[in-house]
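Participant: Sequence:
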Amino acid sequence: RMVLAGSLAARGAYLHLPGFTPQLSPTEEKFAARLVAELTAARFSPPTVEELLNTTMTVRAEATVRAEATVRAEATVRAEADDIPENKQGDTPEAERFEPPAEVIAVLIEQGRLVRVSKDLIYTAEMIAELKEKVAAAIKKEGRIDVAMLRDMLSTTRKYALPLMEYLDKIAFTRRIGDYRVLAGGN
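Numbering-wise, the sequence shown is residues 629 to 815 according to the working numbering.
Because the hints were derived from the structure by calculation, they are not lab data.
Take the hints with a grain of salt, since some may be wrong.
[As the list claims (entries may be wrong)] For lysine-lysine, the following DSS-like pairs were computed, each having C-alpha atoms within a straight-line distance of at most 30 Å:
| id | residue 1 | residue 2 |
| --- | --- | --- |
| 1 | K747 | K760 |
| 2 | K787 | K768 |
| 3 | K768 | K798 |
| 4 | K787 | K769 |
| 5 | K747 | K762 |
| 6 | K798 | K762 |
| 7 | K798 | K760 |
| 8 | K798 | K769 |
| 9 | K787 | K798 |
| 10 | K658 | K747 |
| 11 | K747 | K787 |
[Stated by the list, open to error] So the derived label-pair ranges between C-beta atoms look like this:
| id | residue 1 | residue 2 | range |
| --- | --- | --- | --- |
| 12 | M630 | A757 | 35 to 43 Å |
| 13 | Q739 | G634 | 38 to 46 Å |
| 14 | E678 | P646 | 19 to 27 Å |
C-beta atoms are modelled at their ideal positions from N, C-alpha and C, and glycine is treated no differently.
Given only the sequences and the hints, what does the whole structure look like? Please build it.
Facilitator: Shown next, in the form of C-alpha cells:
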C-alpha cells in the first residue's frame, strides 16, 4: 500500500524512499574505479564475477587492515594525550566503510556503470555501447550476424560471444532467426 501511495518505492525485492539512490563510500569508490579499469582493460573477455569477487576480497582485506590500523593509531594517540580509553578494535570511521564486493558491484549495476550480461559476466556500460555499435554496423553491412562472426569481430572466444549475443536478444536489440541475429524492430 505504501508503494501505491508513493511514500515508498520498490526496486526489485527492495523497498526505499522515493528518489533514493545507493551511494558508495570513498573506499568503495576506489574499489569501483579499480574494478571498472580491470573490466575495461579486459575488453570483451573479462574475468567472471566469481573471479572478480575473489580478486577484490584482497582489496577489501587491505582496506579493512588500513582502517583498523588507523583507528588503533588514532586511539593510542588520543589515549596518550588525554588519558581517554582506547576505541575497541574494529571501530571503523565512515570514510573507511567497505561493503562486500558483491554489494558494491550491485550498486554499480544499479547506477548503470556496469551491466550484467549473464549470471557470470559483467561489462562496463561503455563496452556494451561499443558492442551495440559494432553489432549494428556488422548487421547493416552483412545483413545478419552469428556467434562466430561476433567472436571474431570482438577478438574473443565463444565463452564470451554467446552470452553477449544472448544479452542483445534479451534486451531486444537483436532478434534470433535460426543461428543468426538481425537487428530487432527500431534498431
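Participant: If a hint holds in the structure, say so; if it doesn't, say that too.
Facilitator: Outcome of the hint check:
no., hint, verdict
1, K747 <-> K760, "holds, 20 Å"
2, K787 <-> K768, "holds, 25 Å"
3, K768 <-> K798, "holds, 20 Å"
4, K787 <-> K769, "holds, 25 Å"
5, K747 <-> K762, "holds, 23 Å"
6, K798 <-> K762, "holds, 17 Å"
7, K798 <-> K760, "holds, 13 Å"
8, K798 <-> K769, "holds, 23 Å"
9, K787 <-> K798, "holds, 17 Å"
10, K658 <-> K747, "holds, 24 Å"
11, K747 <-> K787, "holds, 13 Å"
12, M630 <-> A757: 35 to 43 Å, "holds, 36 Å"
13, Q739 <-> G634: 38 to 46 Å, "violated, 23 Å"
14, E678 <-> P646: 19 to 27 Å, "violated, 35 Å"
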